[in-house]
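> Sequence:
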Amino acid sequence: MRLLNTHTFKLRDFLGEARPYAILSHTWEDEEVTLQDMLSPAEYATGMKGYRKLKGSAKLASDQGFHYLWMDTCCIDKSSSAELSEAINSMFQWYKNAALCLAYLSDVQAETGLNLGESLQSSKWFTRGWTLQELLAPSEVWFFNASWKLIRTKTHLADQIARITNIPASILKGLDDLDTVSAASKMSWASSRITTRSEDIAYCLLGLFDVKMPLLYGEGEQKAFIRLQEEFLKSSDDETIFAWQVDDRNEAASKPYWGLLATSPKYFLSSSTLRSPQFKSRIDNQPTDVTNRGLRIKLPMTLLDGDESETIYLALLQCERTEASL
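Each step along the sequence shown adds one to the number in full-length UniProt numbering, with nothing skipped, and position 165 is 165.
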């Protein structure tokens, strides 16, 4: 793990457990300072637009007593595919292990008052794929506006954030554990989020689903998202992963058939209240197998009412819908 010294602005590699550190959450903008920029002559990096963000976040971290800060712009060598893959597979844990997460909302001017709720609602920070894990993984998140003024903490803003993201306030406050949330519900949190690179809508969810897998940029969103689900199913029997739907009729009719796995998190938009039943048991305790021909799973079946051909069956999933509670 590579960290930025908040006093010297020098980068340092740590093998094993790093020193206590703060971590930055933000959305990328023009002229972000990369690792290569930091290794260039000092005057080059300081002249970039992104240096103001680097300097501001380092000062905030230093003011809170942290000698080290992690930020994705300059602490990852993105020219190395191996390092980038390792970093993305480790990122959820890095945010979780951080003593403090500084969430910088560059498009929010308000600190308090009536305009704050509206400003938060429209902030692009709540629309990006990567910031989902950056919101959920750290226990302590402090939100700052464009002028680096403290807005409030995640705990204090939990009810407002819940209304924006549809993530229960009990999760945001740390009262309920992420492990208790169904796969479908987690997917619903990402259903309206976007990423610059299409595959990242799957890669940004690796930590949330406790999955490790290689990054294959160029494979496209559908293949990346299916790989994510297949890896998840190798260690989970959460059948809510199959409980998704295509809401657009024209899109639904565009294919003669759909597979068992969704090709995008957007199809989980209506799945936020799905959960696995408290008591459940697979038929014959059969696991889900991921094979080279697809998925193999044993489920109870029933004929579809009204099907005169008697060839269409419904597979019954072990999941139930509960009342939404923010």
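There could be a bad hint or two in this list.
Below, simulated DSS-like cross-link-like pairs (lysine-lysine); rule was C-alpha separation at most 30 Å, straight line [what the hints assert, rightly or not]:
id	residue 1	residue 2
1	49	154
2	124	154
3	49	10
Calculated from the structure, these hints are not laboratory results.
Model, not experiment: these values are computed from the prediction.
> It remains to establish, for every hint, whether it holds in the given structure.
Hints versus structure:
no.: 1; hint: 49 with 154; result: holds (28 Å)
no.: 2; hint: 124 with 154; result: holds (17 Å)
no.: 3; hint: 49 with 10; result: holds (19 Å)
Comparing the model with each numbered hint stated earlier shows that all of them hold.
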